[in-house]
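Protein chains: 4
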Amino acid sequence: MPQASSRPTNDHGHASLAERFAATRQLTESLLEPLSEADATIQSMEDASPAKWHAAHTTWFWETFLLRDHAPGYRLHDERWPFLFNSYYEAEGERILRRNRGLLTRPTLAEVLDWRAHVDDAMQALMDDPCHADLIELGIAHEQQHIELLLTDIKHALSKNPLGPAMWDRAPAVPATQDDGWIEHPGGIAKIGHQGDGFAFDNEGPAHRVLLEPFALSRRLVTNGEWDAFIADGGYSDHRLWLSDAWAWLERCTITAPLYWRGDEQFTHAGWQPRDPDAPVSHISYYEADAFAAWAGCRLPTEFEWEAVARGQDAADTAQRFSAGAGNQLDAAAPPQPVGTGELFGDVWQFTRSGYLPYPRFQPAEGAVGEYNGKFMAGQWVLKGASCATVRGHSRASYRNFFYPQQRWQFTGLRLAKDV
Amino acid sequence: MPQASSRPTNDHGHASLAERFAATRQLTESLLEPLSEADATIQSMEDASPAKWHAAHTTWFWETFLLRDHAPGYRLHDERWPFLFNSYYEAEGERILRRNRGLLTRPTLAEVLDWRAHVDDAMQALMDDPCHADLIELGIAHEQQHIELLLTDIKHALSKNPLGPAMWDRAPAVPATQDDGWIEHPGGIAKIGHQGDGFAFDNEGPAHRVLLEPFALSRRLVTNGEWDAFIADGGYSDHRLWLSDAWAWLERCTITAPLYWRGDEQFTHAGWQPRDPDAPVSHISYYEADAFAAWAGCRLPTEFEWEAVARGQDAADTAQRFSAGAGNQLDAAAPPQPVGTGELFGDVWQFTRSGYLPYPRFQPAEGAVGEYNGKFMAGQWVLKGASCATVRGHSRASYRNFFYPQQRWQFTGLRLAKDV
Amino acid sequence: MPQASSRPTNDHGHASLAERFAATRQLTESLLEPLSEADATIQSMEDASPAKWHAAHTTWFWETFLLRDHAPGYRLHDERWPFLFNSYYEAEGERILRRNRGLLTRPTLAEVLDWRAHVDDAMQALMDDPCHADLIELGIAHEQQHIELLLTDIKHALSKNPLGPAMWDRAPAVPATQDDGWIEHPGGIAKIGHQGDGFAFDNEGPAHRVLLEPFALSRRLVTNGEWDAFIADGGYSDHRLWLSDAWAWLERCTITAPLYWRGDEQFTHAGWQPRDPDAPVSHISYYEADAFAAWAGCRLPTEFEWEAVARGQDAADTAQRFSAGAGNQLDAAAPPQPVGTGELFGDVWQFTRSGYLPYPRFQPAEGAVGEYNGKFMAGQWVLKGASCATVRGHSRASYRNFFYPQQRWQFTGLRLAKDV
Amino acid sequence: MPQASSRPTNDHGHASLAERFAATRQLTESLLEPLSEADATIQSMEDASPAKWHAAHTTWFWETFLLRDHAPGYRLHDERWPFLFNSYYEAEGERILRRNRGLLTRPTLAEVLDWRAHVDDAMQALMDDPCHADLIELGIAHEQQHIELLLTDIKHALSKNPLGPAMWDRAPAVPATQDDGWIEHPGGIAKIGHQGDGFAFDNEGPAHRVLLEPFALSRRLVTNGEWDAFIADGGYSDHRLWLSDAWAWLERCTITAPLYWRGDEQFTHAGWQPRDPDAPVSHISYYEADAFAAWAGCRLPTEFEWEAVARGQDAADTAQRFSAGAGNQLDAAAPPQPVGTGELFGDVWQFTRSGYLPYPRFQPAEGAVGEYNGKFMAGQWVLKGASCATVRGHSRASYRNFFYPQQRWQFTGLRLAKDV
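Chains as they are written, first to last, in this note's numbering: chain A, 990 to 1409; chain B, 990 to 1409; chain C, 990 to 1409; chain D, 990 to 1409.
For the record, the hints were derived by calculation from the structure and aren't laboratory data.
Mixed in with the good hints, there may be bad ones.
Same chains, same names: a pair is fine if it fits in one copy or spans any two.
Claimed, not checked - Computed list of lysine to aspartate or glutamate pairs in EDC-like fashion (alpha-carbon distance at most 20 angstroms, straight line):
1. Lys1364 with Glu1254
2. Lys1149 with Glu1035
3. Lys1364 with Asp1227
4. Lys1180 with Glu1202
5. Lys1407 with Glu1173
6. Lys1407 with Asp1058
7. Lys1407 with Glu1332
8. Lys1364 with Asp1234
9. Lys1407 with Asp1117
10. Lys1149 with Glu1068
11. Lys1364 with Asp1191
12. Lys1364 with Glu1079
13. Lys1407 with Asp1168
14. Lys1149 with Asp1123
15. Lys1180 with Asp1227
16. Lys1180 with Glu1100
17. Lys1149 with Glu1083
18. Lys1364 with Glu1332
Using the sequences and the hints given, assemble the complete structure.
In structure tokens form, the structure reads like this:
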């Protein structure tokens, strides 16, 4: 089991870079503890990767882009491993087929953990040189992303076992009742994208202005109970609610409910659990989110509307400014599960109706690191916020998560918007 | 062969609704003339439909949404045919699988032409009632769209025949040399979407304001010769130029050139013809357009930038206002083929980097007609302008064409943009 | 409509080679008469070919193996056509993909018919030279096979049209009641395979001896009525009756009845017709035949058992010798449809439990003609007899028809066997 | 590592049933020892199963068909596990999808080993009751089959790891040179199938007579060196050598060599090893075996010819009778790898040209056990002999192994035959 502390994980606002590096590395490892070597090795679908692979790939990232490129005299721990643990960086050469990641029983988990320790040691020498700080920030953010993926990937793998195994014995937290109501926004010119000095991914910039019409954003996330009503009202069989691609997907895959639903239960990191109607719905696709919004007589927000609300940028003095560090985000001591906190961040990533496209004047970085975001700007949708599986401190108002419209294995949900 | 007139087809600015109805119907039929019954029946891929099917489907549209719904006492010509000729209107009930459209040897082409005449006659009674004018405008626009699809679909079908048959004996027009240079735009707030009283599709509205950064749009379309240079420079084998989905598509489908290229030739409605380096490149996918733009150190325009230029909305007195009726558009007397006219409209549909998404406050129409556009707003890209196969008068500055990023069988090309 | 004669077609026991050549060629053409050019062009699945393609491919066979190879000075009618109309002869070079045969709107049907006439004329010069007789016999048998395929392929194509078009206006013949009972055979050594001087395919030889156990073969074919009982008894949902591959096929393709069944009707060359319970069942797969036999407490015969009965080879003086020219075989004046005649040949091809494998000491012929049969000896099953769509005179006791176990578009049925 | 004894494994001619049960169970477990839990869990293709799954499935067989059905008061070790470890017995109810077997990280390997011990204990009570002897013999034979599959499945899984991990450190044995020459057989009536009192699978009977023509069978297996010559002679690119289905498979899968070949090496249970030209070729498909035989001017034997030679049934006094217990069969102390011993059994399973079909008067057993063999009698080919991974004592002259014609992951090879 991961560490039993209930203190929010990784909430180190004033921690040094070295401290944050160490905390992130340790967090990855703590999540491997409840897993057997077999659990950590298997791959349940092409979208998902083995937990051991995440532990190794993040280490490859440090070894490749920091140690190999910047640590004088560093020699690769094993020259054959980059082929195994490169994810998608074409510039870094050939790599194992994505769908074969689950066949890598060697190196063993123990060997990967040794590698991690070896790399962590070697990284110390680079920590104090400010010219590496940006790359180290990127590496930390990268490993935090893989921590979330590790959690959603292993959840998927465990869900395929008819025995319904649990990663945490402890039950998920009890959902609260969210406040109703709408956050109104008067529209106008909003400043969008990353601003200031902190770290951000390249896809969050450049900052630019966007013209918004007046709108309102729901104070709360759509709940399981509302989704039950959608189903009861025939939502999954009324073609008028669905995009054309969505309807074809729904028919081809026989979709009738969110992922991980079974009767009155849902699969969680604590195994099959009763499904609370007050908890935010999760594990839905863009297609489902869009259809639900149509059924509810509303729509999804744009990424710009969501960000404008998150920043509290409207003219009124009373504008609320939401904190990206608040809400239900990853606590390694308990199974991640949405509860509904009334915060803008946390619980579930929230679909927007914005396609994942480059901002004006966007330029990918040079070199292999430039493959980080830009090349995925086709066919995906932007999600905002953070989820119960996100490392606290990882997200921010300008953060752009993105997935294909049929993908459901992340903690994805929705917050309605409407025109005013 | 279609009528030999070289007068621009369907250019009836002041024609009455009835005249435009008749001209559109006649144009469809004139394009069937050079085809044998077999030519008009086959379907060469799921994206394409048989020419006879287009002739019948457009007739179904008139019969269903005008005659059945609004002509008192009208009886369906054949009650079994709506099952055959409904395209995708879920609200209109079951229909034949799209991929089976090429198996419909009955009704015969002669029977379909009889049906067309029957429906045309019955439509006369509705022409003078102004309460049907909007639907009739929609029907004309709908049939014009199918005229373009008929042309691109039969081109694809003929291209699959190793004999390389021609639909027109006459060779395509000789390409011109386009002017170089850029149209600069200062940015600012642009009014986007359909404005005024004329007909427009629902997806062109509502009109709204968009904030633009300064940019420039090329005066000319990218040419075959430039594409040759892109290929010669290894464009199709340099992963850095390609979106991730694009690279996977290119490898899976072994894409190394635009569709219809073979050595120094290209397939046209006049059969295999030498490929002129000065002619605008056509039959490329979004993926290829995006990669070319990256290679050229430019980018694709957004749909808003393109429209702003088309409207000549910048503050300068000298702003050029482009005419949607100008340029190389459909002339039924000659094979449609890009030549390069220096106009913004015509030759090829031009890819933008804008996802096909709803405009703010967009609402689909009620009823089956509401399935016209909105349900396709996922995974497709907006194209602007018009092509050499577009009925003159069909397009306009706010017109939004849309296709999936891998589709290439339309007359699709690109016009570069850049930040200034 | 084909010629209205009710005389058995092509029953020319003592006709000369030239007469039989002419009759076969004419029969192909007579079957094209009721088809429109579109009917003759389309291809409804990869297993099937267009009617025009059959007319052309058989002509290619004559032109290639007789005229090109043996007629001095003969020039190909069109040098581009072999690429279009070679079926599977690797030795004859590249050819169009099988699944694209339905896209060949050119050459037109009229052009193909001209080619047929041209080749027929040229063939006259080879008719009297006995050194070509064997190849001409093969060509006749080859064209007869394609006549049957033309009929079953166009039936499939027409069946895909929701309008249910008919190729013959005339209704199929009325089924008779077949005699019950079993033909007993004492077993022993049987002489199997082609014997004597007449024409046979290479796969029918060499003649050899096979040791049989005592068995009995049903006097009658299984009927639609019996198949109804099989269905009513849950035959399609009882896994115990089905081979493992069969069960997977049945589940994957949702098979619940023979091909062309719909309620109490079945699709015929005369359109949808009531299904007579006394008529032999047809359009079943090997998988279904095998399951039915298991349900009936019987089994399928081996090809050797069937042939031994057909030859009347048992020792008893009273042994019945069945005539391969008897029974319900192709009559071009009426729609082919099983009726049940009590003969061993005709109505439907009868599945055996024998894999289609080479006989001892089998050697394929030299050259391209050697690709005729031998290379298909894997994964297929032997069928014996003849069907209502077989040219009378084409089949014989040693004839080995063969299909994959899931194929159903031929007139395939079954005759039960049992051990005694 | 498995036990280091070099004594032939499981060679217990006079061992009691209980001793053979214990030895078989122990052998399975000894093969798990060199595997990590992850090694034992993964599944590298749908044809293969995880090693742990084999260990569990064999235990399920004992628990279901012996303990549950025949041990009074026995309670299932875990009621949820039959769903996980039933392979294909439809009569035993629903089961996990075959392709998902590699996702079962629970139960753990330790839990499965506990289950094995539990079942082994409970089985002792049934050992002395002769009415269970037949089922116990079947269970032993069943587990022996899975021992061979476990070995070939884990070999495939390890081969997919770019690191090329070894299951045995010890190198494979050094190949010998086999004697040349042919075993001639005069033909005549052979008695085929299982005869006598010993255990045999249902598919080996009933014994029956088959008439053979004179033939000869090679004294030796085809070697790697001969296969190199086949490749060098263009064997994989000469369509004339290949069955039609084979050629399509070869083109679709880009087959140019046996499975596990890479340059001059081959993958073995001892990792990548130099390929000895004198060793028998292995890991070939039926398609390849058939093409090689054609290239060599020979053919594959029928299963009847092979069995007749194995029995030494010809009339001559000097007839050699081959021992099914001789040759290179499984020795758990060393990696299984063909060496060439001159025996008829061992090294590789030998393809025959006989389809896997029922013998005359074959009847499957009643109940679920009846699903053991009969339902696979479609589309597969018979292989005779035994391989280096076969438990010694498992095979016999009448033994019929069977696989689909494209499968290559077993130790499959060939011995030529010819007509005399």
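Hints, verified against the model:
no. : hint                 : in the structure
1   : Lys1364 with Glu1254 : neither (38 angstroms within a copy, 32 angstroms between copies)
2   : Lys1149 with Glu1035 : both (14 angstroms within a copy, 16 angstroms between copies)
3   : Lys1364 with Asp1227 : between (35 angstroms within a copy, 13 angstroms between copies)
4   : Lys1180 with Glu1202 : both (14 angstroms within a copy, 13 angstroms between copies)
5   : Lys1407 with Glu1173 : within (9 angstroms within a copy, 36 angstroms between copies)
6   : Lys1407 with Asp1058 : neither (49 angstroms within a copy, 33 angstroms between copies)
7   : Lys1407 with Glu1332 : within (19 angstroms within a copy, 40 angstroms between copies)
8   : Lys1364 with Asp1234 : between (23 angstroms within a copy, 8 angstroms between copies)
9   : Lys1407 with Asp1117 : neither (49 angstroms within a copy, 40 angstroms between copies)
10  : Lys1149 with Glu1068 : between (34 angstroms within a copy, 18 angstroms between copies)
11  : Lys1364 with Asp1191 : within (12 angstroms within a copy, 32 angstroms between copies)
12  : Lys1364 with Glu1079 : within (11 angstroms within a copy, 35 angstroms between copies)
13  : Lys1407 with Asp1168 : within (17 angstroms within a copy, 46 angstroms between copies)
14  : Lys1149 with Asp1123 : neither (39 angstroms within a copy, 37 angstroms between copies)
15  : Lys1180 with Asp1227 : neither (39 angstroms within a copy, 35 angstroms between copies)
16  : Lys1180 with Glu1100 : neither (47 angstroms within a copy, 58 angstroms between copies)
17  : Lys1149 with Glu1083 : between (30 angstroms within a copy, 15 angstroms between copies)
18  : Lys1364 with Glu1332 : neither (32 angstroms within a copy, 32 angstroms between copies)
Violated hints, listed in ascending order, are 1, 6, 9, 14, 15, 16, 18; each of the other numbered hints is respected by the structure.
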